[in-house]
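Number of protein chains: 6
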Amino acid sequence: MQDVMKKAEVLIEALPYIQKFNRKIIVVKYGGSAMSNEDLQRNVIQDVTLLKLVGFKPIIVHGGGKAISNWVGKVGKKAEFVNGLRVTDSETMEIAEMVLSKVNKQLVTMVQELGIKAIGLSGKDSGLLHVKKKYSDGQDIGFVGDVDKVDPEILYDLLDRDYLPIIAPIGLDDNFDTYNINADDAACAIAKAVGAEKLAFLTDIEGVYKDINDKTSLISRLTCSEADDLIASGQIGGGMLPKLGNCVSAVREGVNRVHILDGRIPHCLLLEIFTNRGIGTMFMNDTDELTSCAK
Amino acid sequence: MQDVMKKAEVLIEALPYIQKFNRKIIVVKYGGSAMSNEDLQRNVIQDVTLLKLVGFKPIIVHGGGKAISNWVGKVGKKAEFVNGLRVTDSETMEIAEMVLSKVNKQLVTMVQELGIKAIGLSGKDSGLLHVKKKYSDGQDIGFVGDVDKVDPEILYDLLDRDYLPIIAPIGLDDNFDTYNINADDAACAIAKAVGAEKLAFLTDIEGVYKDINDKTSLISRLTCSEADDLIASGQIGGGMLPKLGNCVSAVREGVNRVHILDGRIPHCLLLEIFTNRGIGTMFMNDTDELTSCAK
Amino acid sequence: MQDVMKKAEVLIEALPYIQKFNRKIIVVKYGGSAMSNEDLQRNVIQDVTLLKLVGFKPIIVHGGGKAISNWVGKVGKKAEFVNGLRVTDSETMEIAEMVLSKVNKQLVTMVQELGIKAIGLSGKDSGLLHVKKKYSDGQDIGFVGDVDKVDPEILYDLLDRDYLPIIAPIGLDDNFDTYNINADDAACAIAKAVGAEKLAFLTDIEGVYKDINDKTSLISRLTCSEADDLIASGQIGGGMLPKLGNCVSAVREGVNRVHILDGRIPHCLLLEIFTNRGIGTMFMNDTDELTSCAK
Amino acid sequence: MQDVMKKAEVLIEALPYIQKFNRKIIVVKYGGSAMSNEDLQRNVIQDVTLLKLVGFKPIIVHGGGKAISNWVGKVGKKAEFVNGLRVTDSETMEIAEMVLSKVNKQLVTMVQELGIKAIGLSGKDSGLLHVKKKYSDGQDIGFVGDVDKVDPEILYDLLDRDYLPIIAPIGLDDNFDTYNINADDAACAIAKAVGAEKLAFLTDIEGVYKDINDKTSLISRLTCSEADDLIASGQIGGGMLPKLGNCVSAVREGVNRVHILDGRIPHCLLLEIFTNRGIGTMFMNDTDELTSCAK
Amino acid sequence: MQDVMKKAEVLIEALPYIQKFNRKIIVVKYGGSAMSNEDLQRNVIQDVTLLKLVGFKPIIVHGGGKAISNWVGKVGKKAEFVNGLRVTDSETMEIAEMVLSKVNKQLVTMVQELGIKAIGLSGKDSGLLHVKKKYSDGQDIGFVGDVDKVDPEILYDLLDRDYLPIIAPIGLDDNFDTYNINADDAACAIAKAVGAEKLAFLTDIEGVYKDINDKTSLISRLTCSEADDLIASGQIGGGMLPKLGNCVSAVREGVNRVHILDGRIPHCLLLEIFTNRGIGTMFMNDTDELTSCAK
Amino acid sequence: MQDVMKKAEVLIEALPYIQKFNRKIIVVKYGGSAMSNEDLQRNVIQDVTLLKLVGFKPIIVHGGGKAISNWVGKVGKKAEFVNGLRVTDSETMEIAEMVLSKVNKQLVTMVQELGIKAIGLSGKDSGLLHVKKKYSDGQDIGFVGDVDKVDPEILYDLLDRDYLPIIAPIGLDDNFDTYNINADDAACAIAKAVGAEKLAFLTDIEGVYKDINDKTSLISRLTCSEADDLIASGQIGGGMLPKLGNCVSAVREGVNRVHILDGRIPHCLLLEIFTNRGIGTMFMNDTDELTSCAK
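Quick mapping for you: the protein sequence lines, in order, are chains A, B, C, D, E and F.
Oh and the first sequence: position 205 is 205 in our numbering, straight run, nothing missing.
Oh and the second sequence: position 96 is 96 in our numbering, straight run, nothing missing.
Oh and the third sequence: position 199 is 199 in our numbering, straight run, nothing missing.
Oh and the fourth sequence: position 281 is 281 in our numbering, straight run, nothing missing.
Oh and the fifth sequence: position 175 is 175 in our numbering, straight run, nothing missing.
Oh and the sixth sequence: position 268 is 268 in our numbering, straight run, nothing missing.
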């Protein structure tokens, strides 16, 4: 009987969120470990389709991970990096695009297997992602681009008709040349452009820590100012910095909540969204009230 | 962490039902102990509003319980019964209608307090419930009626505009005279007329037992034929008989599932609907497949 | 033949009004003698349904009259008054609500008998009438309230779907406690909130007189300023004062025409609305032109 | 006061008809004396616009009367007749079309003066009236045609947008040549094609008499069979025969009621339609019940 | 093969215009020689129906030309002119209206023959053209009017339902008297009132010349300022002046392009609209860019 | 001037087709030489976008041509064929999918450059193409599939919102494994499923010849029976046979017209569709009338 009452409690906790997020857009950046382990992959895809079932309008933005390097190797090229950014000549760009397409259609297939209509897009389709060439400290690193305009019309059209869009981070510039885009940046730009309710990054960390050495210091909620302070304090490690920047910028430009989640925890998306406490770090505006249901 | 995984499981179990029952009508017959205890009252009303929040279209049909007898006493009348049916002269009918109105508006107020739009109706409003005079073994027992026609238009109109209708079991006959109706019968007639997905009776028993003396023999699911057999077997006690009749007749006339629940268990509605096993007895068609998700 | 020409004249006089008031809302405050005489009752209900037939959207607001006192007596309580206002303890309030419900459903039934869809509401339904406790010269007189907010959504929804709403003057305060409201005040507040074209008070007087002692001095039309002057002149008797206040305030807050009619004249509503001269007193804005068709 | 009650009675008699005929089509054949007297003209046009104001959708079909002969004379031609039908050579047809256009636009102007949107059409517009050449006892009488197809689309489009169509009885044959049509026939064909509720002929007689010599024997209502009997009895005079034929044929092909009215009685249309007894002769189906409100 | 490539070129040139002008209104003033030659008549009507087929919404405004004088003669009247304007007494007005009606219905018939729904209107219908009496140098010349208000509602309604309106230039003044209107002026007023994309005058000249004596100096495009200069230069002949005034005024009040075409060239409308260079003179705003596709 | 008249003729010939095909679907199979020459590529894409501009709803289905073999070589694999069908192991399938994706997005980019919204799909997206494994004379040739079900919903949704879908011929089987599909077969299956008005194959031949050795014997129109006879006659060469089979089957299953065009002729699509004679071979039903405008 006690077990049954626990169930009732979980439901009473979760149900109001379902109403609250009805017809709202959530952008999920999918990458990292959650992408290489097949069980986790199934978990993530199941979570996203459940979100869709109960009324969310999810959009997945994915990276290509290690597969690109593998294929670059297969054709006998050597990968080259500048400041951690892949130098992308036109042949490398061709391979990157082909590999991302392959990954994209794999995700489409997995969603279709669960009975949900999915469509794979790249940023080229209907002019979704427009880019400007990016330089690394002034150095030309080839076809690497920064998003400078998003045309969300195709996303609205697909969401209206109940499709789940899955997006590969590739774009066109003014000359209709093809560019690679960092997947975090693409997800962030898209979330802003569609006025998403939520943006969730599936990562390989549990969230943001007050003290990176103290695993008990995970921060559940962070306002933008608090994030600014944290960045200013110098405690945030290098790899984490651009991610935090994306989170704060997304909230400041209209995304209501941004979440950093540990993609290695099964069903991290459901747990973050449908429980009061959540399991990762949630970013919010300074002016939002910190009520128990601030999610 | 184990606790967190439990939560994920409850959610993964519950979420598909939410999708399945989206925009479906559930008629809840509210009466018995769940009506006299204030905590249970709050539980029931909270459950119904949560059902509404996540997409159900609930309708409440209520009785008047002991309050009618109290008020009959207050004006100095003596209650009189024939075969367990209250003899209802015109003054008793007047009092019954007034008391049911009072109860009706109390329920409306409780739902409004939770921020949900409710409307209290009697079967007189817009000709909702039309009755024929009922006789008890040929004996005239006054203004007691059987529903012989339901005009569900007002319910569709209110559900369309997102109201929660709360209905007192009173009706008019061809002469536009006022009649009292058994609340179980009214709920059953209304569920059939609106083609409800579900009809749930909140009662003072846990459900139907294979062996009334063996509390472990509670039946989770019962097809109409099985119910027929059970009735034929003579094991079902007197008070339970008409309720079983209502259940079977509702399923046979198009209500997809009928539930007998123990209104004394907090949140019995949520537990029955959003868990695979449920907690009461569910009635279904003979031809329905008994899959794990037959709910 | 002359008789026939008379008919043509009446029609030619009436038809343009029918066009003019198509889809317009009229709030009818129903009370007084027109409520106690059964013939007059039928006349009023017939008039209101005819108004509806030819395109008006009527709303009825009714009082409870002497029936409340009768029932208070039945349960052995003694009615108590302060400055003419009934002292309303919680038991009296319960009885008042029950009696008003009974009257409400009687009116619903009468309209239904004429083949028109009616719905009985109290101000509790869907939060229609919100009140603040009223004090009489600072003295606590119990559950008597002043309307301080009307939520007309339910009325628009019902009128859209072609129902005739019939409203009992009861409301809830911030604590969701039940209060009695003066029916004139309730009608006036509702007419303002829905932007009614017309508000008609069925009373026991013929209208407003220039000289209360001269029955030939009935005023057909009165602008707000003229009404102000009349009030300032001190000629208006006590009982009439709050009614005049309601009329002037309704016109000033957007009700196009307010009518005081003698409910004892059969079909007073039709005659006031569909004849050029009318039979009672009509209130209008100062700036309206006094053309022959100013109705 | 008695006068006032009379008014109420007229209204109570008329109002239900207004509801009954809401959005229904009435075709009025306008011709005869009602066309030559200017006061009667104003009366007819006022009646038709009042019908429109209170919800009818009227269509006027008119003839050209004596004006055609006048203009034929003006250009020095001599009118020629065979069996009472005008021999219509192509020049006569040209004049007839021009004169009917003139009359048509005069009626349009009169309706516009009353603030109602009117449109003048001939049967050529949008292919409204298609004809076959008519022969008189095998003799060629020129451009005189029988309607053999009506394309009512333009009428539905104009009625939908709230225009009052006024139609001159001219049509085209398969070779797109222009033909004159008898106005009674045109009105009858149009009424059938649009499924009119009513077709009213304004004539120079009071209606149909049982005994043509007994002015008190006017028949208020006539079923099709009764009309058949009357025709068979040989009592109906020559000029009346084709009109009766049109009435019976219209009823049999779906027009609910056909009325023969005396266009010389002012406001005959209002009186026939909005009073129980009417003033002319009404044709109806054999199977319709002869209730008091059979109109 | 070369021939085939030519066809492809014509199509590639024409197709973008079809897209550009989809659902746009073009007003065609039809008169002059194009009206008296039957082959040219067929050409014009064919062109207009083709424009309609490919998505334009055309409106034709026509004059009556020499037919009016002919009919005035037939009834034995003598035509009289003041400053080139016909003195129009009431009988002449009657004849003019009748003749214009005849021409109007002829055009309707020709369009119908090509399978397109046409409707003939005069400016009286639904109050389309409202006029003020016009004086010629202060001299009363009878029923000649200047358009002072256009009510385009009827045109929008007909275009919405896919009719081709054909308009005779007749209007009503405040007293509902009938007036004749210059057809160029009527076309210009209508084009402004409906916000036409194009207004095309079919005339008996090729267009506007830089030097009237040099046939090679035809001007293809003219901005309003250039037209002003041309007028100021005194080179434009008398008959051409009001036409140029209409063109400039139409462009300045919102008609995007105005065209003067030689109605004697077969299919001048198609050639002007669907070829880059056109064949007449096109008027445009000063601020429009003179790109190759400025049409 | 003669040149100008020629233009008018081309327009008069072409314009009715534009109306006729408004909102109709045309499926274009794009492959062969038209794919390898860059000028021809631009011509084809321009034609398709012009078709879209004037109201067609085009869908492009493309192959991958030689690029697949190239990439198979790049990764050091050797292409293997059985009966002319590529043996497709899972690595070859991976490469084929990636190459087709690249080609797909190139076409998307070219259409976007012309200002038209394009979306690239594979048959995996939203379950568009479902396949069964194909055997070559009973021999397993790997992941080569036959279309056995098309779910056209995504195409309708995209066409409704005005996108141009570009489809790579890849599908999933019951196990959600990836298969390669012959592009002609995919185009044919899609044209049937969406009920296309037209299906056009861009090929490297001019059309079907009566006598393959006589270049003047090109057949402009062919009914299905005639095609059957031609096939039976044994005159049709091997490579042509399956194409003819596709043409006949498409017409028999509801595609109104199927065209075999020479993709090497610039603008072959425009010339075939907008000229009466066309330039390739058109397939039609036996029962269609062979009028001049049978296109």
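Watch out, some of these pointers could steer you wrong.
Treat identical chains as interchangeable: a pair holds within one or across any two.
Heads up, simulated DSS-like pairs for lysine-lysine below, C-alpha to C-alpha not over 27 angstroms straight-line [said to hold, decoys possible]: (1) Lys77 with Lys102; (2) Lys243 with Lys6; (3) Lys132 with Lys117; (4) Lys134 with Lys24; (5) Lys66 with Lys78.
I should point out that these hints are in silico values taken from the structure, not numbers from a laboratory.
Because the structure is a prediction, the values reported are computed rather than measured.
Next item on the list: Check each numbered hint from earlier against the structure, then list the numbers of those it violates in ascending order.
Entry: 2 and 4
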